[in-house]
Amino acid sequence: MAELKFTTDHEAIYIDGDTAWVGITEYAREALGDLVFVELPEIGRQVSKGDEFAVVESVKTAAEVYSPVDGEVVEANDNMEGDLELIAKPLADGGWIAKIKISDPAQLGDLMDEAAYKDYLKTLD
Amino acid sequence: MNNIPQMSSRTPQAEGSHANKGDSSHALGMTANDDNHALHYEENLLWEKERCDHPGVDLPAPAGMPLRTGQQAREDIGLPQVSEPQALRHFVRMSTWNYSIDHGFFPLGSCTMKHNPRLNEKLARLPGFAHLHPLQPESTTQGALALMYELQNWLAELTNLPGVCLSPAAGAHGELAGMMTIARAHEQKGQGAKRKIVLTPDSAHGTNPATATTCGFEVRNIPTKDTGMLTVEAFKEALYKTDPKGADIAGMMVTNPNTCGLFEKDIAVIADLLHEVGGYFYMDGANFNALVGKIRPGDFGVDVMHINLHKTFSTPHGGGGPGSGPICCTEELARYMPVPTVIKAPHLNPLPQGRGDSESVSSSAPSPHRGEGRGGGASYYYKLETNEDRPETCGRLKGFHGQFGMHVRALAYMLSHGADGLKQVSEDAVLNANYILRSLENDYHAPFAHQGPCMHEALLTDKRQKEQGVQTLDIAKALIEKGFHPMTVYFPLVVPGTMLIEPTETESKDSLDRFITAMKDIAGEAASRADAEEHFHAFPLSTPRRRLDEVKAARQPVLRWK
Amino acid sequence: MRYLPQTKNARAAMLKTIGVGSIDDLYADVPATEMGHKFNLPDHRGELEVERHLNAYANQNHAASAGPFFLGAGAYYHHIPASVDYIIQRSEFLTAYTPYQPEIAQGTLQAIFEFQTLIAQLTGQEVANASMYDGATACTEAALMALRVTKRKKIVIGNALHPDYRAVLKSYMANFDGEVEITNLHPLPQSFSLEGEGSGAKAKQGEGEIDKNTACVIIQSPDFYGQPHKYENLRKACDETGALLIVVVNEIVSLGLLPAPAQADIVCGEAQSIGLPLSFGGPYLGFFACKEKYLRQMPGRLCGMTEDANGKRGFVLTLSTREQHIRRDKATSNICTNQGLCALAFTVHMSLLGEDGFKRLARLNHEAACNLADALSALPNIKIRNDVYFNEFVVELPVNAAEAVEKLAAKGIIAGLPLTNNPPSLEGGGQGEGVSSATSLTPTLSPGGEGALLVCATEMTTDADIESLTAALKEVLA
Chain A
1 MAELKFTTDH
11 EAIYIDGDTA
21 WVGITEYARE
31 ALGDLVFVEL
41 PEIGRQVSKG
51 DEFAVVESVK
61 TAAEVYSPVD
71 GEVVEANDNM
81 EGDLELIAKP
91 LADGGWIAKI
101 KISDPAQLGD
111 LMDEAAYKDY
121 LKTLD
Chain B
1001 MNNIPQMSSR
1011 TPQAEGSHAN
1021 KGDSSHALGM
1031 TANDDNHALH
1041 YEENLLWEKE
1051 RCDHPGVDLP
1061 APAGMPLRTG
1071 QQAREDIGLP
1081 QVSEPQALRH
1091 FVRMSTWNYS
1101 IDHGFFPLGS
1111 CTMKHNPRLN
1121 EKLARLPGFA
1131 HLHPLQPEST
1141 TQGALALMYE
1151 LQNWLAELTN
1161 LPGVCLSPAA
1171 GAHGELAGMM
1181 TIARAHEQKG
1191 QGAKRKIVLT
1201 PDSAHGTNPA
1211 TATTCGFEVR
1221 NIPTKDTGML
1231 TVEAFKEALY
1241 KTDPKGADIA
1251 GMMVTNPNTC
1261 GLFEKDIAVI
1271 ADLLHEVGGY
1281 FYMDGANFNA
1291 LVGKIRPGDF
1301 GVDVMHINLH
1311 KTFSTPHGGG
1321 GPGSGPICCT
1331 EELARYMPVP
1341 TVIKAPHLNP
1351 LPQGRGDSES
1361 VSSSAPSPHR
1371 GEGRGGGASY
1381 YYKLETNEDR
1391 PETCGRLKGF
1401 HGQFGMHVRA
1411 LAYMLSHGAD
1421 GLKQVSEDAV
1431 LNANYILRSL
1441 ENDYHAPFAH
1451 QGPCMHEALL
1461 TDKRQKEQGV
1471 QTLDIAKALI
1481 EKGFHPMTVY
1491 FPLVVPGTML
1501 IEPTETESKD
1511 SLDRFITAMK
1521 DIAGEAASRA
1531 DAEEHFHAFP
1541 LSTPRRRLDE
1551 VKAARQPVLR
1561 WK
Chain C
2001 MRYLPQTKNA
2011 RAAMLKTIGV
2021 GSIDDLYADV
2031 PATEMGHKFN
2041 LPDHRGELEV
2051 ERHLNAYANQ
2061 NHAASAGPFF
2071 LGAGAYYHHI
2081 PASVDYIIQR
2091 SEFLTAYTPY
2101 QPEIAQGTLQ
2111 AIFEFQTLIA
2121 QLTGQEVANA
2131 SMYDGATACT
2141 EAALMALRVT
2151 KRKKIVIGNA
2161 LHPDYRAVLK
2171 SYMANFDGEV
2181 EITNLHPLPQ
2191 SFSLEGEGSG
2201 AKAKQGEGEI
2211 DKNTACVIIQ
2221 SPDFYGQPHK
2231 YENLRKACDE
2241 TGALLIVVVN
2251 EIVSLGLLPA
2261 PAQADIVCGE
2271 AQSIGLPLSF
2281 GGPYLGFFAC
2291 KEKYLRQMPG
2301 RLCGMTEDAN
2311 GKRGFVLTLS
2321 TREQHIRRDK
2331 ATSNICTNQG
2341 LCALAFTVHM
2351 SLLGEDGFKR
2361 LARLNHEAAC
2371 NLADALSALP
2381 NIKIRNDVYF
2391 NEFVVELPVN
2401 AAEAVEKLAA
2411 KGIIAGLPLT
2421 NNPPSLEGGG
2431 QGEGVSSATS
2441 LTPTLSPGGE
2451 GALLVCATEM
2461 TTDADIESLT
2471 AALKEVLA
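Heads up: the sequence lines are chains A, B and C, in that order. Position 46, counted from 1, in the first sequence is what our numbering calls 46; the numbers after and before it change by one each time, with no gaps. Position 156, counted from 1, in the second sequence is what our numbering calls 1156; the numbers after and before it change by one each time, with no gaps. Position 163, counted from 1, in the third sequence is what our numbering calls 2163; the numbers after and before it change by one each time, with no gaps.
Please note that a few of the clues may not be correct.
[To be verified] No more than 30 angstroms apart at the CA atoms, straight line, and that leaves these computed lysine-lysine pairs for DSS-like: (1) B/K1194 <-> C/K2153; (2) A/K49 <-> B/K1196; (3) A/K60 <-> B/K1466; (4) A/K99 <-> C/K2312; (5) B/K1466 <-> A/K118; (6) C/K2016 <-> A/K49; (7) C/K2330 <-> B/K1194; (8) C/K2330 <-> B/K1189; (9) C/K2312 <-> B/K1049; (10) B/K1241 <-> C/K2330; (11) A/K118 <-> B/K1225; (12) A/K60 <-> A/K122; (13) A/K60 <-> C/K2312; (14) A/K122 <-> B/K1463; (15) C/K2330 <-> A/K89; (16) B/K1225 <-> C/K2330; (17) B/K1189 <-> C/K2153; (18) A/K49 <-> B/K1466; (19) B/K1225 <-> A/K60; (20) A/K89 <-> C/K2293; (21) C/K2016 <-> B/K1562; (22) B/K1520 <-> C/K2330; (23) B/K1423 <-> C/K2330; (24) B/K1463 <-> C/K2153.
Simulated from the structure, these hints should not be mistaken for laboratory data. A quick note: this is a predicted structure, and the numbers were derived from the prediction, not measured.
Based on the sequences and whatever the hints tell you, model everything.
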């Protein structure tokens, strides 16, 4: 069963079994503006929750993307290098940056669901 | 994620028009050389001109000797070729597309765009300076070394920091020199491995954390949000965060006056706390123009700082350099500074270490040429102190002796102003900034204005105009349309939509009043026009180029002619 | 006070607007103890007095233009066309800031774009940046970039790198707490060095080898002794190990005669020779070019082509997310400025030279050096050490070179750089930290040592200059 999760740092996560597809939220996309570059992670890299594993860049900003869970990077979205507009697509439809194999499913409990994330956005300026 | 920007970063055309223009329009044929009108000229790249069959310099014909390079002669390079009048016209036309200080008001915060005296240019071009090689025997360069020595003394006196090294090439390079000096000091005391944390306020210039990292330090931010100032509480919290005795602290990097244009009123207390735990205080001297000739950083606890000769001491910015960033430090740290520095040595018996004499600058003026050097009978000579003389140095950071041409210009400026003039410089710089702040605080949000006076920079934001869809970037572009260079925008990062205005002392009241009027007009238009957002997004209209598509530039970088 | 436009009346009116009684009220946040210091400095002076003061300094120096001159070693005395100085003194270039507002800085930006193109063409590389402080720092930034690209920690120096460049490299790398190893290539291929160099024994396994831990190999051509090099073998070694090949050029005029170092991954160095006076060591012009695949790891400013809202071609600073003002502690470098005006001087001078003029200039430099070598080798007991050279080479005198240089200076001839007591040793010196004392390039005055002298000739060198040198040398050697 697939579901969407969110972090306070505006990562969006699509849970596909034991794999987390990680991208960025619409809020983050709008704040960044047009992207000009995405730095993808290496396949096989072990990441801990909170590790920087990718960078998305607009003209004036480089924003690090943090891993929402512990795990291993099993796939990176190479298509994005040639087509940065992909970032605007739904995660499961090409908008993901990398897929991370989750090593501790309990960590998913720390993430927000869509309703909680929307409430969280209201607290921001 | 982090670094989510504070402003919505619209594409430069605001409508995202790059997306539907297609990529093929990158063609070099985009130029419009036939678009000339009145005094507005287009100008192609050198490579797009018809190749002249002879160059713009006449050189004698080579004799045709066989090569002794051991290699074949170079084949075609692909360089363009034009005659002298074509070359001159090319660059003169391009120059007309630039705004400069000599055009008008240039209130770029933290950049100190002041008048650049041409006397300085003239003097730097004297053959005895311009055609002097850095590796000639010192007996043939005593005048240049004496000049550097005098400049060192001026800087030492102005900062109350006796150790001076002129070699750093720019402000950021000076930061590096200063932080490496601190790193070296800790290392020599056997504390190098323990002291790895450098404290910086969140309002710091980006070069500060970048420099600290380059030096192998870890950066810890001190929040300043509410008042724009460091507080003793926030500082203590950062100082003792991971060690109750602060034994992991290498030092702090603080700009004073800070990047919000405010004097850190607790700075002496903070410096004492830092010194108690064994840390050193690095001051970013970018804002020294507010203090020069009036207040000495050594008096509020600074251990080492850099000076931007291209800011405070009027050497030209040249469209992005060359700069020059000497450092000044305490006697304790002087032995760790980079090499080389100029010392005065007894003839034929060089001092092993340090500038032992504490002779005043005025007494040395202008008697540096008592016939020392070749054939002279002087009692001392000037020499470059290298790592042989000063083995505890953090080393050499630049080829040769620094940006000497800038040293000449800066000294000419200091001599012109003198003690009385430099004091007036900082007072007028501070007066001008406060005049702007008070004149505009009712038209723009001025987050720190209620706290009291500012120093040499006034900080405003777009908070009020943003409600009408007019952002800081639009205000900047509207100023361009009105004939001004914009202020620094979106820096510092501690307040959203910042506009940092540094008028400098070289503007008259009349000039400031014109700027204030323009700013009031902009605020008025933003408030009154129903179509304010659209209206402002179109600016500038009359410039050689309108807003440029930075997204396109970054997505498909074209960095050279091909 | 001629630089200050404010009047007494204006100041009084402004204080009134601000609502304070005196200027010192604006310094309310400054503790009283820090105010009111009396500086021990003279008061302001007029233009004439300042000119007198600095003229006195200038007159004490022996300028390169004042007599025969044969000194190079990383800073070169060349002719600068009058137009160059005229252009760079135009207010619009001289007193502009970094082009952050591209709509009113297209002149600076197009000039940078042209500079980047010139450097890329000269070096045979794909991209170049908007310039660096100088050759020494450009070389260090190249090594730092190689560490980032390869994620390795070993730097191999392939030949006689300029001692200041080596010293700067060592100082910066000391910031890594000994994690970065700097080593000399071992064994040095014979053709890479002058006789007698690189004979030091290998201290431990792997030292001086290009291996899988090597981030980069740095080779200077022409090297510090003026000897041009080829890179085929090093290129091969780098390809086999994944190390980057960095070629350093500090006499950029040589690129008009020597083949382009296109095989390198990074080409960097010093471009002072074109457009910039000697100026006692600065400001000079570092350059930095590399393969396009390393673009995002490059330090420094980059200018790119784009178009404006009307679809017209224009230029902007680009890819700035690499830089400190955005990336802060994660930036590729802490560098903020480039050497904008110096890059402009270079660009103007190159545009005047053109393809034919630049190549001819290089050829004239080489022939001047050939003439100098022929004249010197005709003297008894003098040996030319280089087999090959561009415009600079080492000559072995039968006397102490430092003493000879002093004696010749007394005759008004700047004869070159004595390598007597301070040869730019290939051995690193130092004990793993800080900088080696052997890396100082200051011409030393103390006696002893040998007769090696580094001499240079350029298009400025006349037959009469060479005759003066040989005549004076005969007296000194007599």
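Hints, one by one, checked against the model:
{"no.": "1", "hint": "B/K1194 <-> C/K2153", "verdict": "22 angstroms, holds"}
{"no.": "2", "hint": "A/K49 <-> B/K1196", "verdict": "25 angstroms, holds"}
{"no.": "3", "hint": "A/K60 <-> B/K1466", "verdict": "19 angstroms, holds"}
{"no.": "4", "hint": "A/K99 <-> C/K2312", "verdict": "42 angstroms, violated"}
{"no.": "5", "hint": "B/K1466 <-> A/K118", "verdict": "24 angstroms, holds"}
{"no.": "6", "hint": "C/K2016 <-> A/K49", "verdict": "59 angstroms, violated"}
{"no.": "7", "hint": "C/K2330 <-> B/K1194", "verdict": "22 angstroms, holds"}
{"no.": "8", "hint": "C/K2330 <-> B/K1189", "verdict": "29 angstroms, holds"}
{"no.": "9", "hint": "C/K2312 <-> B/K1049", "verdict": "18 angstroms, holds"}
{"no.": "10", "hint": "B/K1241 <-> C/K2330", "verdict": "23 angstroms, holds"}
{"no.": "11", "hint": "A/K118 <-> B/K1225", "verdict": "26 angstroms, holds"}
{"no.": "12", "hint": "A/K60 <-> A/K122", "verdict": "25 angstroms, holds"}
{"no.": "13", "hint": "A/K60 <-> C/K2312", "verdict": "22 angstroms, holds"}
{"no.": "14", "hint": "A/K122 <-> B/K1463", "verdict": "19 angstroms, holds"}
{"no.": "15", "hint": "C/K2330 <-> A/K89", "verdict": "29 angstroms, holds"}
{"no.": "16", "hint": "B/K1225 <-> C/K2330", "verdict": "23 angstroms, holds"}
{"no.": "17", "hint": "B/K1189 <-> C/K2153", "verdict": "26 angstroms, holds"}
{"no.": "18", "hint": "A/K49 <-> B/K1466", "verdict": "37 angstroms, violated"}
{"no.": "19", "hint": "B/K1225 <-> A/K60", "verdict": "22 angstroms, holds"}
{"no.": "20", "hint": "A/K89 <-> C/K2293", "verdict": "28 angstroms, holds"}
{"no.": "21", "hint": "C/K2016 <-> B/K1562", "verdict": "60 angstroms, violated"}
{"no.": "22", "hint": "B/K1520 <-> C/K2330", "verdict": "39 angstroms, violated"}
{"no.": "23", "hint": "B/K1423 <-> C/K2330", "verdict": "39 angstroms, violated"}
{"no.": "24", "hint": "B/K1463 <-> C/K2153", "verdict": "48 angstroms, violated"}
This entry does not satisfy hints 4, 6, 18, 21, 22, 23, 24, going by the numbered hints stated previously.
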